[in-house]
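Go by the hints and put chain B onto chain A.
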Amino acid sequence: MAQPQPKVYRYGRDVNTDLILPARYMMFNEPEDLAKHCMEDLDGDFLPTVRYGDVVVGEENFGSGSSREHAPMALKASGIVAVIASSFARIFFRNAINIGLPVLELPEAVADFRHGDTISLDIEQGIVKNTRSGNTFQATPYPQEIMDIIRAGGLMNLIKQQQAAGA
Amino acid sequence: MGMTRSEHILARASGKARVAPGDMVVGKADVIMGNDITTSLTVRILDANGITQFADPDKVFIVMSHFVPAKDIASAAMAKTCRDFARKYGIKHYFEAGQGGIEHALLPDEGYVVPGDLVLGADSHSCTYGGVNTFATGIGSTDLAAAWTTGELWLRVPETIKIVFNGVPKNPWVSGKDVVLFLISQLGDDGALYQAQEFHGEGTQHLSVEGRLTIANMAIEGGAKNSIFPCDDKTLAYEAGRAKRDVQGVEADADANYVAVHEFDISNLEPQVAFPHLPSNCKPVGQAMQEKVSIDQVFIGSCTNAKLEDLRIAAKILDGHQLAKWTRGVVIPASHNIYMQALDEGLISIFAKAGFAVAEGTCGPCLGGYMGVIGEGERMLSTSNRNFKGRTGDVRGETYLASPAVAAASAITGFITDPNEVAPSGSAAALTQFTE
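Protein chains in written order, with the working numbering: chain A, 1 to 167; chain B, 1 to 436.
Derived by calculation from the structure, the hints in this document are not laboratory data.
In this text the structure is predicted, and so the values were computed from the model without any measurement.
Hints are not guaranteed to be accurate.
Pairs of lysine-lysine residues, derived as DSBU-like cross-links and limited to a Cα-Cα distance of at most 30 Å, are as follows [what the hints assert, rightly or not]:
#, chain 1, residue 1, chain 2, residue 2
1, B, K292, B, K59
2, B, K28, B, K88
3, A, K160, B, K59
4, B, K389, A, K36
5, B, K92, B, K71
6, B, K244, B, K92
7, B, K244, B, K16
8, A, K160, B, K16
9, B, K80, B, K92
10, B, K234, B, K292
11, B, K28, B, K162
12, B, K28, B, K244
13, B, K292, B, K244
14, B, K170, B, K28
15, B, K92, B, K59
16, B, K80, B, K162
17, A, K7, B, K389
18, B, K88, B, K283
19, B, K244, B, K80
20, B, K28, B, K71
21, B, K283, A, K160
22, A, K160, B, K170
23, B, K71, B, K59
24, A, K36, B, K71
25, B, K59, B, K88
26, B, K28, A, K160
27, B, K71, A, K160
28, B, K16, B, K88
29, B, K80, A, K36
30, B, K244, B, K283
Chain B stretches covered by chain A per the calculated footprint, using a threshold of three residues with CB under 8 Å from any CB of chain A [said to hold, decoys possible]:
#, stretch
31, 132 to 140
32, 200 to 213
33, 303 to 310
Computed list of chain B residues with no C-beta within reach of chain A, every gap over 10 Å [what the hints assert, rightly or not]:
#, residue
34, G167
35, A240
36, K244
37, H321
Where a beta carbon is used, it is the ideal one built from N, C-alpha and C, also for glycine.
Isolated chain A, as found in the complex (with noise of 0.2 Å):
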């Protein structure tokens, strides 16, 4: 049988951290107990009916307000596999980064994309296609700091790299 193929969850502007993953819940910081709770305030027919390999797109000023890392540790344990958006909220956009969450900035995409729309990434070249449209969309590449980050796997291993070769 043939695997259903990943989708997309669309949203609005302004998806702040609170809705990602509410504070309430900021005690725990194991993925698989925050994950129980993500975008919970936001919609309902998330947790429900994600399932791993799974896109979340939002418009401009996504993932505003608190530095928690727990909201892109929700979306990655849930099994979202990368955020597009118009634009991020800049903390928001160097923790997933640093915890191996690819983020695109791609406003052409996001005006395309509906809910419940079907997807297929390259996430390596950037190429992000809407399976229904037919439309494809290139992401502009990253600058060279961040493509070592997320090359070694996050910010953490680089380190870790990098105080190995100096040693």
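Relative to the frame of chain A, chain B by itself:
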């Protein structure tokens, strides 16, 4: 081409003669801070990576503030993770509830962050310290782990927006909070995304340092990476007797480059109220009053507005008054020292006699932690910084943001109220945050 204040600090911290917007630099930080929530995650990350050596343990700050004193068993376990870590590594700058307070009140008030510093804080409101001429920005828990390990962190040099406040507010109850709510309403919730805000003008010069800290605190609510005030006579007077290290203030060069310049005449500004569910959703208090918005709970607290001046202003209005019959009140001074000064000045007594529940040194209901979480359909008027849906409690509740003066006036009437309605403007003369 010259440099902005932010560029000067990032150049010094990265050992470069000059930096420009868009440059990636590795900055050596002066203070690297985490709170209980972010630190507990950082400890997990450090353990998972087997890291036991830190670049400079004296620059490590751990301030317990969000869910302490522990609100339940899970938060007790979280706090213990931080406490055990601090004991194991002999962290000097570890602050327990009852001694420290909320990090963003504690660190400037007690001189741990000083002009010219690069401050990295694992809390989004770390931008507060820009009120005392530092480059200060929020980071996450992995960033915090990395910065503690290496003493430094990668940063993209932000473009700078110059903001000029012309004039000085005539309304004596207008404070830094009203200015920043107005600013966010003008520039938007993401109007300064990835950018630095640099403050200038007569209105800035006349504003107290505590008022500046309140404006810098909410830079993140406009999306900014950081926000930076001048190091002027007011700053130096504030730092005297506080600064624990040398003050190395920075000023922008005359030919510094700004991505935008915004000028605002604030001389006729009224107190502002942000309606649910975004800080940018502001109305002048006169207009807000006409809507007769009843308030179930007034919260005077948070890193934004529970400093000594804030408490003095609220107490001045509340003195001799009672909370309205169906309105509850919570006051949480932002740090232990502020709490003790408020005790000495008789402010705590005024709040208690008015019928407020008084606690100390925790973020409390600002982020829906405890000490006044709101229920379904309830309205809270809060001196805090965010009114996002569900942040302060039940997702069907509503939070309105305002200054301590508006909060105090509204506590007396039970409705959103202009302070001038309950306190004659003459009584504010000694308390306004705008002075010579």
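These are the hints, each one checked on the structure:
1. B/K292 to B/K59: Violated. B/K292 to B/K59 sits at ~49 Å, over the 30 Å cutoff.
2. B/K28 to B/K88: Within the cut-off at roughly 25 Å; holds.
3. A/K160 to B/K59: Measuring from Cα to Cα gives roughly 21 Å; hence the hint holds.
4. B/K389 to A/K36: holds, 19 Å
5. B/K92 to B/K71: Cα-Cα ~25 Å, so holds.
6. B/K244 to B/K92: The hint holds at about 14 Å.
7. B/K244 to B/K16: Holds. B/K244 to B/K16 sits at ~26 Å (cutoff 30 Å).
8. A/K160 to B/K16: Holds - the C-alpha atoms of B/K16 and A/K160 are around 25 Å apart, at most 30 Å.
9. B/K80 to B/K92: holds, 17 Å
10. B/K234 to B/K292: Answer violated: B/K234 to B/K292 is near 39 Å, above 30 Å.
11. B/K28 to B/K162: holds, 25 Å
12. B/K28 to B/K244: holds, 19 Å
13. B/K292 to B/K244: violated, 48 Å
14. B/K170 to B/K28: violated, 42 Å
15. B/K92 to B/K59: holds, 9 Å
16. B/K80 to B/K162: Roughly 43 Å separates the two Cα atoms, so the pair is violated.
17. A/K7 to B/K389: holds, 26 Å
18. B/K88 to B/K283: violated, 50 Å
19. B/K244 to B/K80: The given pair, whose Cα atoms are some 28 Å apart, holds under the 30 Å limit.
20. B/K28 to B/K71: Violated, at roughly 36 Å.
21. B/K283 to A/K160: violated, 50 Å
22. A/K160 to B/K170: violated, 57 Å
23. B/K71 to B/K59: Holds. B/K71 to B/K59 sits at ~28 Å (cutoff 30 Å).
24. A/K36 to B/K71: At roughly 21 Å apart (the allowed maximum being 30 Å), B/K71 and A/K36 satisfy the hint.
25. B/K59 to B/K88: Holds: B/K59 and B/K88 sit about 16 Å apart, inside 30 Å.
26. B/K28 to A/K160: With Cα atoms ~18 Å apart, B/K28 and A/K160 stay inside 30 Å; holds.
27. B/K71 to A/K160: violated, 36 Å
28. B/K16 to B/K88: violated, 36 Å
29. B/K80 to A/K36: Given pair B/K80, A/K36 holds - Cα atoms ~23 Å apart, limit 30 Å.
30. B/K244 to B/K283: At roughly 40 Å apart (the allowed maximum being 30 Å), B/K283 and B/K244 break the hint.
31. 132 to 140: holds (count 3)
32. 200 to 213: This one is violated; 0 residues, fewer than the three required, reach chain A with a Cβ under 8 Å.
33. 303 to 310: violated (count 0)
34. G167: holds, 31 Å
35. A240: Given that every Cβ of chain A is farther than 10 Å from that of B/A240, nearest at about 32 Å, it holds.
36. K244: holds, 25 Å
37. H321: At about 32 Å from chain A, B/H321 clears the 10 Å cut-off, so the statement holds.
The structure fails hints 1, 10, 13, 14, 16, 18, 20, 21, 22, 27, 28, 30, 32, 33 (numbered hints given earlier, in ascending order).
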